[in-house]
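Trainee: Each chain is listed here by its residues.
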Amino acid sequence: MTDPIAPPRRKDPLKRTRQPTLPPAERSRKAHGLIRPAAEGRFMLPRCGECGTFHYPPREACPACLSFNVKLADAPAGGILASETTIRVPSEVYFRERAPWRAGIVTLDCGPAVIAHLHADCTLGARVTLSLQLDRSGQAVAFAHPATRTPNMADDRQWRELTADPKFRRVLVTDARGPVGLAAVKALKAAGAGTVFAGVPEQWKPFAGEAELRTLEGVSIVPLDVRDDRSVRDLAADIGAKVDILVNTAAHIRPGGVLDRDGLNVVREELETGYLGLARLAQAFGPVMRARGADGVNSAAAWVNILSVYALANLPAYGAWSASQAACLSLGQSLRASFRPGGLKVVNVFTGPLDIEWFQTEPPPKVAPAALARAVVDALQRGLEDVFVGDVAQDIHARFIADPKALERELAG
Amino acid sequence: MPTCDLSGFAEAIASGEIDVVDLTFTLSPDFPVIVMPPEIGQSAPVRIEEISRYDAAGPAWYWNNLSFGEHTGTHFDAPVHWYTGRDLPNNSVDTLPTRHMIAPAIVIDCTREAVADADFLLTVPFLERWETAYGRIPVGAWVLMRTDWSKKDWRAYSNLGDDGAHTPGPDAAAMQWLVIERDILGFGTETIGTDAGQGGHLDPPYPAHHFLHGNGKYGLQCLTNLDRLPVRGSVLVAAPLKVQRGSGSPLRVLALVPKEVA
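One line per chain: the protein sequences are A and C, in this order. Position 358 of the first sequence, counting from 1, maps to 358 under UniProt numbering, and the rest follow consecutively. Position 95 of the second sequence, counting from 1, maps to 95 under UniProt numbering, and the rest follow consecutively.
Pulled out of the complex, with its shape left as it was, chain A reads as follows (with noise of 0.2 Å):
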C-alpha cells in the first residue's frame, strides 16, 4: 500500500525554490504518434494492418511480417510484471533528484513487453495495468499500475510526477460567477485540494451561485476580472506564487456570426473574455507558475483550458465565438511550450454545447456544468492534456480526425 502523502508545510522563505528538471525528451517520429493517445487517456500501440500483431516500441514496419501498413489500434492494457529494478543512481539529473526510482518490463496480455514506470504497489510477477502517460517533457511514457485497487495508491510518488492531482494542491477557479465555475471550484474541493480561490469579476453585481460560493469551506473568494489588466495583474501580485493548478472558466457565449450582429462589440467582448483574457491570466501567473514546476508536493502542475469542440470546426451559429475559441486553442498550444520548461501540462477540456442560458434552444445531449467539472478533475488526475466531454465533443472529435473538411461541411448544415 502507499503512504498516504501528507499536507504539505509552508514553505522555508530561507530555502531556494529547487528548478524544474526534465525527463529526457529525445524519442523518434514514431513514437510521437503515443502522444495522442497518452493525452487523452487511451491505451493504444501499433498494430500490424496485415498480421495483427501489436509492438513496442513503435517502429517503420511490423517486426512479425515486415508490413509498412502498421497503425496505432485501441489496445488490451493488462500484463504480467516480468522483471523490476530500482535505480538508485540514475544518470539523469531529474530522475537523480527523484530517485530511488522504479522501472521494469511488462509483458502484455496482446504480445509485447514494454519498459514502464511502475507504481509502487506492483509486485513482480504479478498482473499490472499499464496506461500511457505525458511525462514533464510532453512524451509519452508507460506507466504500470496494479490490476486491482490499492490503499492511496494516487499518492503514489511516481504515479503523482506523471499526474496534476489537486489533492492538496492550491487552485485559483478564474470565474466562479457562473454554473461552471461554481461547478468547478466545488469538485475540486471534493477532490482534496488545498485553497481554492474562486475569481469573481464585478463582485457589485449579485450572481446565482453566490450564496452556496460563501458558504464552501476552504474557497477565498478574490476579485478578478480577466477583461482588465490590473484585475489580472493585482491578484497575481497577491496569489500569483500559491496558484498551482489554474482553471479558466471565463467565458463569453454569444450566438452568431458576424453577419447576424450590428458591428463587432460582441465580437470585441468574445475575444476579451476569451482570448486577451487567456493572455492576460497566462502574462500574470504563466512565469511563476513555470518556475514553480518542482515546488514540493504542491508544485505548480497545470492549467486548464476549458474551450468549446468547435474550436476544431466552426459551428456556424455560434460562427464568431467558435472563432474566439479557436484563437484560444491556438494561444493554449503555444501556451503549452512555454510551460515546457516547467513540466507543467497544459490540459484542454473540450466541450459541446453546456447545460447553461445561451445554449438554451440548443438541442440536448448537453454537458452538466458539473459534468465538465467531474471532466476536469479526472483530468487532472490521471494527467491528461486533451480531454472531450460528452457525446457531441466526442463526436465532433472523431470527425474532425476523421475528416476536417468533410467536417466544416456538415457543420455549415
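Hints were generated in silico from the structure; no laboratory data involved. Among the clues, some could well be false.
[To be verified] The calculated lysine-lysine pairs, modelled on DSSO-like cross-linking and capped at a C-alpha distance of 27 Å, are:
hint : chain 1 : residue 1 : chain 2 : residue 2
1    : A       : 405       : A       : 71
2    : A       : 205       : C       : 151
3    : A       : 205       : C       : 259
4    : A       : 405       : A       : 366
[Unchecked claim] Far from chain C by the CB rule (all over 12 Å, computed), these chain A residues:
hint : residue
5    : 25
6    : 59
7    : 90
8    : 100
9    : 125
10   : 127
11   : 139
12   : 157
13   : 189
14   : 190
15   : 192
16   : 201
17   : 207
18   : 255
19   : 413
It should be emphasised that the depicted structure is a prediction, and the values quoted were computed from it without experimental measurement. Virtual Cβ for every residue (Gly too), placed ideally from N, Cα, C.
Assemble the complex: chain A is given as a structure, and chain C must be docked to it using the hints.
Mentor: Chain C alone, transformed into the frame defined by chain A:
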C-alpha cells in the same frame, strides 16, 4: 475696463475664498457601469492598459491606453443620447455651447427620503416645498438631486435585485415641471443614471432622459461630494470631452463654492 473682475475671481480661488469642490469619482475599472440585458449592446467598461512604465516598452516614461464607454464613471449626457433629442441642433458633446459648461447649481436634499426608500421618487410637491424654503429654482441652473448614494459601497450603490436596480430618481411630472416650468440647464444625480433604477416602469419610461434630452437639457450622473455644496450659490464647471458626435462623456465636474455660503 472689463465689467467683471476675473483677476479677483482668480485671486479668490487662489486664496481659498472660493472653494473648488470635486464632484467626480475617480475613473477606474472597478466603478459600476449601467447594466443592460445581456442580449443587447453593452457599454464598454473603463480600461486602463499600461503602454510602458520606465521599462523595456518605454525606458523613461509612463503612459496608458484608455478605453471606456461614453457613459462610464462620472459622466455627462447630451441631448442626442435619447431618441427624444435626436433632431435638436447642437445636441452632441462636440457642438454643446461652451456657455453651458459653466452654470449655477441648486441642490435638492433627498437624503432622508432615499435612506427610507431606495426607490424614492422626487415629485413636484417635493420641489414646491423646496422652493417655499429656498426660493424659486433659477432658469438655466443645474438641479442636483442629493441622496448621499455616492457614499455606498459598489454593491449597495448599484443595488441590483432580480427585478433590476433600486435607486432613487425623479418621477415623470417632476422632470417635466423642471424642464418646462423652470427651464433648467440640466439634472444631476449621484446614482448611475439620471433616472431612478426602476425608471423604465414609469410613464414615459426613463422620464429624466425623455424630458431632459427632448428639450435640449443635459444630464450628469455618478456625482459625489454633493453634501459639500450649499443649497444655492454654487457654480458648476462641467465640460465633457469634445467627442465627435458624442452622446456623452466622462468628465471632471467641479463646483465653485464661495466660502460664506459653504
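Trainee: Taking the hints in turn, state whether each one holds.
Mentor: How the hints compare with the structure:
no., hint, verdict
1, A/405 - A/71, "22 Å, holds"
2, A/205 - C/151, "17 Å, holds"
3, A/205 - C/259, "40 Å, violated"
4, A/405 - A/366, "25 Å, holds"
5, 25, "31 Å, holds"
6, 59, "49 Å, holds"
7, 90, "40 Å, holds"
8, 100, "45 Å, holds"
9, 125, "61 Å, holds"
10, 127, "55 Å, holds"
11, 139, "34 Å, holds"
12, 157, "41 Å, holds"
13, 189, "25 Å, holds"
14, 190, "29 Å, holds"
15, 192, "33 Å, holds"
16, 201, "10 Å, violated"
17, 207, "10 Å, violated"
18, 255, "9 Å, violated"
19, 413, "22 Å, holds"
In summary, the numbered hints that this structure violates are 3, 16, 17, 18.
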